[in-house]
Every structure is written in structure tokens, then in C-alpha cells.
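**Q** From first to last, the protein sequence lines stand for chains A and B.
So in the working numbering, the last spot in the first sequence is 304, and the numbers never skip.
So in the working numbering, the last spot in the second sequence is 310, and the numbers never skip.
Just so you know, these hints were derived from the structure itself, not from any lab.
For clarity, every value in this text was computed on a predicted model and none was experimentally measured.
Heads up, a few of these hints could be off.
[Unchecked claim] Ranges of calculated distance between the beta carbons of each label pair, as one might list FRET restraints: (1) A/GLY249 / B/LYS167: 29 to 39 Å; (2) B/ASP77 / A/GLY249: 36 to 46 Å; (3) B/ASP77 / A/GLN263: 11 to 21 Å; (4) B/LEU156 / A/ILE288: 32 to 42 Å; (5) A/GLN263 / B/ALA164: 13 to 23 Å.
[What the hints assert, rightly or not] With a straight-line Cα cutoff of 20 Å, these simulated EDC-like cross-link-like pairs (lysine to aspartate or glutamate) come out: (6) A/LYS131 / A/GLU88; (7) B/LYS167 / B/ASP259; (8) A/LYS291 / A/GLU190; (9) B/LYS167 / B/ASP143; (10) A/LYS198 / B/GLU9; (11) A/LYS131 / B/GLU9.
Virtual Cβ for every residue (Gly too), placed ideally from N, Cα, C.
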Amino acid sequence: MATMTPTATAERGYRGGRYKTRSAGSRFMLYGLILAVALWLIGPVVWLFTTSISYQRNLMARPLSFVPPEVTFDNYRMIFGLVRFHAESQAARILPSMLNSLVVASAVTALNLMVGTTAGYAYARYRFPLKTLSLFALLFARMLPTVVLVPAFFLMLRALGLQNTLTGLVVIYCAFTLPFTVWIMKAYFETVPDELDKSALVDGCNRLQAYFRVVLPVAGPGLVAAGAFAFMLCWNEFIIAQVLNTKPGTTTLPPVIVAMNGQTNIDYSVIAASGFLGALPAVLLVLIFQKQMVQGLTAGSVKA
Amino acid sequence: MTLGIRLSEGRFALLLVLPVLLGIFVVVLFPLLYSLWLSFTDVNVLRTSGPAIELFGVRVPLFRWVGLQNYVDIFGDPLYWSSLWRTLYFVGAFVLEATLVGLGTALILNERFAGRPLMRSLLLIPWSLSRVVVGLLWIGILDFEFGAFNGLLYNLHLVDGPIAFFKDGFSALNVLVSVYAWNQAPFAALLFLAGMQSISADVYSAAEVDGAGYWQRFGYLTLPALRPILFLVIVLATVNAFLMLDLIYVLTMGGPGHDTTTVAWLGFQTAFTFFKFGPGTAILYTLTALCLVLAVVYHRLILAGFEPAG
Chain A
1 MATMTPTATA ERGYRGGRYK TRSAGSRFML YGLILAVALW LIGPVVWLFT
51 TSISYQRNLM ARPLSFVPPE VTFDNYRMIF GLVRFHAESQ AARILPSMLN
101 SLVVASAVTA LNLMVGTTAG YAYARYRFPL KTLSLFALLF ARMLPTVVLV
151 PAFFLMLRAL GLQNTLTGLV VIYCAFTLPF TVWIMKAYFE TVPDELDKSA
201 LVDGCNRLQA YFRVVLPVAG PGLVAAGAFA FMLCWNEFII AQVLNTKPGT
251 TTLPPVIVAM NGQTNIDYSV IAASGFLGAL PAVLLVLIFQ KQMVQGLTAG
301 SVKA
Chain B
1 MTLGIRLSEG RFALLLVLPV LLGIFVVVLF PLLYSLWLSF TDVNVLRTSG
51 PAIELFGVRV PLFRWVGLQN YVDIFGDPLY WSSLWRTLYF VGAFVLEATL
101 VGLGTALILN ERFAGRPLMR SLLLIPWSLS RVVVGLLWIG ILDFEFGAFN
151 GLLYNLHLVD GPIAFFKDGF SALNVLVSVY AWNQAPFAAL LFLAGMQSIS
201 ADVYSAAEVD GAGYWQRFGY LTLPALRPIL FLVIVLATVN AFLMLDLIYV
251 LTMGGPGHDT TTVAWLGFQT AFTFFKFGPG TAILYTLTAL CLVLAVVYHR
301 LILAGFEPAG
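This is chain A alone, in the form it adopts within the complex (with noise of 0.2 Å):
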């Protein structure tokens, strides 16, 4: 290979067809394609946004106007309790609700960077007694349809007197979010060298030292992808919260979105203005830890 020009070497990394050689016709076709991709991934929620900042009247005009003739923050200074409207009690609900939702997603985040990072090191590097079983039980766990406990967890929750408690929706969001933390940190953990505990022990540390001094802190990038899947677990989910917190006030912000959708008198572009102002902190979260959450996810289901 002693031709090889310094071109051909940087190109050594790619994977699909060849870009010199592509004729315009297929450099056409390729970018139409990523363009329709683009606009199928992020048109609707482009719209969502649009909608969020029109008011309905334009909304339901036809011909319809893509961009809007009137832009309007007034669906947002609804949700905010700016403006007085006939629904705005519904309205004052949201910000409490993401308050609500905000705790719960935090609490549960911790609790499973606490206990199932500890488990995940555990599942990557020891041999114990139950572990293939065990195993097999976060797998099973994480394809179980939740729904099906949620029964019990009514009869349970109210029985303890954790109904319309967010202490209740924490206990239960953990038990479908720790399967995953472990899988993805025993994925990560599986990454690092072992030498490096090893080391740690023949330099004098017992085995939990070696874990906490050593190990955990270069598992970062493994925990971030954990915790910010768990935050955005419990931020989106909807059927457990709506079915075991009624009571006004208790539920997290899914629930009341959804009812204020279910009110024909509530104008749509101020439930997108909700919908929207509801989806960012996961989008973002998601957005700013992509990497390691791309690695995380996809090490922890592929293994490849």
C-alpha cells in the first residue's frame, strides 16, 4: 500500500460509499433524503412550537399559514399566571406539577446513581452466588408491563398511606429505573480495565476502597448516561402518576397536562405552549449528555 495518498488514510474511518466517486445525481438523491429525514425528525416539533407562539385563531385558518402572521407569548404568560383567562386555574396547576416532577425525577435520579451504580460494578466484575438469576430478574423486570403491578401498587401505596404522595411515585419509579442504571453501569464498568482495581488492592485498599477511590471516579461518563436516562424515565412517564396521584396538587406534570387536553374549552395552542415548556428539560438533558448517553444506551443493549 505504499501509494496510499494522505486522502485515501482519512478516509480510512468511513463506513458507507465512496464521497469522491459520487456522482451529483446520487449526492442529490442523498442530501433530498437526509433532508426528508431531518423534517420527519424535528418538523413536528418545529410545528409544536409554532403552534405554542400562534394563537388558535390562525391555527384553524385555511389556507394555512406555516409561518405564523402573528407571533404571541400570551399562551405562555397563561401557563405563567400573567394573564387572566377563563381556564387559568387549570392553568396554575402546571408550574406546581413540574415542581412536583422536578422532585421525583431528582429523588429517584440519586437513589439509582447511589445504589444501582454499586450493583452494576458488582454484576461487572464479581462472581456471586444468585447473579445469573438475579440477573435474569432486572432483565425481566425491565420488559415487564408496568401496568400490571399498578394494581397492586394502589392497594399497597394505600394500605401504607403513600396514595397522592410523591414518596409513593419515588419508591415505585425506582423499582423500573434501577434495572436500567445497573445494565448500563454494569456495561460501562465492564469497559474499564480491571487491572485498575487490582492495582488499587495490591496498593493496600480493601475492595471497597478500590470501588470508591478508584474505580468510581472515572466511571463519569457511565453515570451521566445512567442518570440522565433515569431523570428522563420518570419526567416522561405518565400512566403510573395519572392512575395512583388524583388529588389535585400531588401528580407530576403529565397528568395535568393531559386533563387540561381533555377540557374542549382550553384552547390547543396553550396546551402546546405547556406540552412544549414540559418536553424541554428532558430534550435539553438529553441534548447536553448525548454522548454518553448514545455510548451508555447502546453498550448497555448491543454489545456488539
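Take the given structure of chain A and dock chain B to it, following the hints.
**A** Below, chain B without anything else, positioned relative to chain A:
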């Protein structure tokens, strides 16, 4: 800290996983068994005074045992069977759409072009949205009165009047399939892309030198290499489709009539709209059994397909 030294390796590891296993036992395994019990009883949510067991000072009501009655009832209900066939259609259509769209998207994004990293970021957006928001935004597009798609069709003079996507049962079911695929296919694409990236570039170069065209390279190199991921995507999509509830809640509520009522929705509705926990858990348990089978398949796949060979 001295504790760690004395423990054997196995016990130390067991100690590390204990909190998780305990949590899973209390919040998953116990409710799972309790739900199974409920499916054999006549649950009256308002009267919990009957027989009960005490667990750590908490009184868990047991209700009246009715044996297989709930299962006999649901299997005798034509609605259960029609929901099951509808669910099978939904699952089949969703798996097909999500897999093909995911694979197609991955193939496009695997090409080299300006802005490739940006496109990969965009993949994460539909997937990171709450299904409630996914439902809402598609209402904004498909609605009879204010939907943008109806507006577009009108602007292009393609229709005389707006299309009522949710009025016809079969159309509503297919809308559910496509909306859910919009939410899930990007993640499948992400998995496919990860798989494509793990294929060695040299193999492609060699094939290209040998004169293999794009589709030949896809058929003989890419697809065989993606087989384990393809299985993974299909298994996950199948489970997700069987269990999908939130989009039905936001978009159709199982209607019109029962035309978008899947088994999951029927069970959910029986349990929480009509508060018939006995039959409701029985319906949901038929789904659970199915998921257990799929979990075994998935487990086998992970053990067989995804560990590096040798």
C-alpha cells in the same frame, strides 16, 4: 472500612447488589405476585375489611377468592379476543414500521455528508419526548379543525375538506402505529448505527475493490453483521408495542367504539375506569405471560448473539 477485607469476594459482591435486589423484590416481585393473587379474587376497592395478611405491620387485603372465574369471564368476552387480534395487528404493523424506518434512517445517516453529527443529535429528540407530548404534537398536526397536515393538504388543493384521522377506527389504529413509530424508530436507528459502526471499514473497501455495488454490500456485509441488533430491535419493539398505553390514552382512549382498544388498554380500562381489579389484573396478566416469554428470548439473544465470539 475494615469490613471489606474480611468478606469473601462473593459475599462482598452480594452486599453490593443487595439494596437493588431488595428494592426489586419489594416494588416489583411482591406486587407482581400480589397482582397475580388479585386476578383470582373478587376485588372490591371500597371494602377492604375482609381477610388480609400483615406484612411488617401493614395490612394487605386479600379479598374473596374466586378461583379461575376472572379468567373464565375474560376469555368468554368477545371484546377480549377482538382486542387481542387488534393488538396483534398493532404489534405487527408497529414492529415492521419501526424496524424498517429505523434501518432506513440508519443507512442514510451512515453515509458521509456535511452535518452528520447534527443529524445524529436530531435522532434523540423524538425519543426523548414524553409520550404525552408526542400525542399532543401529533394532535396539532392531524386534528380535524386546526391540524397542520390538514392545512397543508388544503393549501395544496389535494382535499375538498379536512380528513378526520381519528373518526374511522382502522385509520385511528394506523395513526397510533405511525405516531408510536415516530417516537421509537429513531432509537432503533441509533442501535443500527452503533452496529454499523462496529463493522470494519476494511471489509467494505475490499468489497468495493471487488466491484460490489451499494446494495450488494448492504445485502452481503451490512445486513448479516446487523443480525443480532436486528433481533434486539424486533424483540424490544414487540414488547413495547404490546404494552403501549399512554399514546392511546392521549390520542384515542381506545375509540372510536373499541376500534383502538388493545389488550393493554382493555386491562387498564377494566382496572382503572371501571375499578374491576380482578378481571383487570387477569387481562394484564395474560400480557405479562407473553412478556416473560419474550424476556427469555431476549436473554438468550444477549447470551448467544452479543457476547464477543470465543
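**Q** All hints, please: hold or fail.
**A** Now for the hints, and whether the structure bears them out:
Look at A/GLY249 against B/LYS167: about 36 Å separates their beta carbons, and that is inside 29 to 39 Å. For B/ASP77 and A/GLY249, the Cβ-Cβ distance of about 38 Å falls inside the hinted range of 36 to 46 Å, so the restraint holds. For B/ASP77 and A/GLN263, the hinted distance range of 11 to 21 Å is not satisfied, since their beta carbons lie about 33 Å from each other. For the pair B/LEU156 and A/ILE288, the beta carbons lie near 38 Å from each other, so the given range of 32 to 42 Å is met.
Checking the proposed 13 to 23 Å range against A/GLN263 and B/ALA164 shows it holds: the Cβ atoms sit about 21 Å from each other. Between the alpha carbons of A/LYS131 and A/GLU88 the distance comes to roughly 54 Å, so the proposed pair goes past 20 Å and is violated. Taking the CA atoms of B/LYS167 and B/ASP259, the gap is near 10 Å; set against the 20 Å cutoff, the hint holds. Of the pairs offered as hints, the one joining A/LYS291 and A/GLU190 holds, with about 18 Å between alpha carbons and a cut-off of 20 Å not exceeded.
The hinted pair formed by B/LYS167 and B/ASP143 meets the criterion: a straight-line CA distance of about 11 Å does not exceed 20 Å. Between A/LYS198 and B/GLU9 the alpha-carbon distance is near 13 Å, which keeps this suggested pair within the 20 Å criterion. Between the alpha carbons of A/LYS131 and B/GLU9 the distance comes to roughly 13 Å, so the proposed pair stays at or under 20 Å and holds.
Hints 3, 6 from the earlier list are contradicted by this structure; the remaining hints agree with it.
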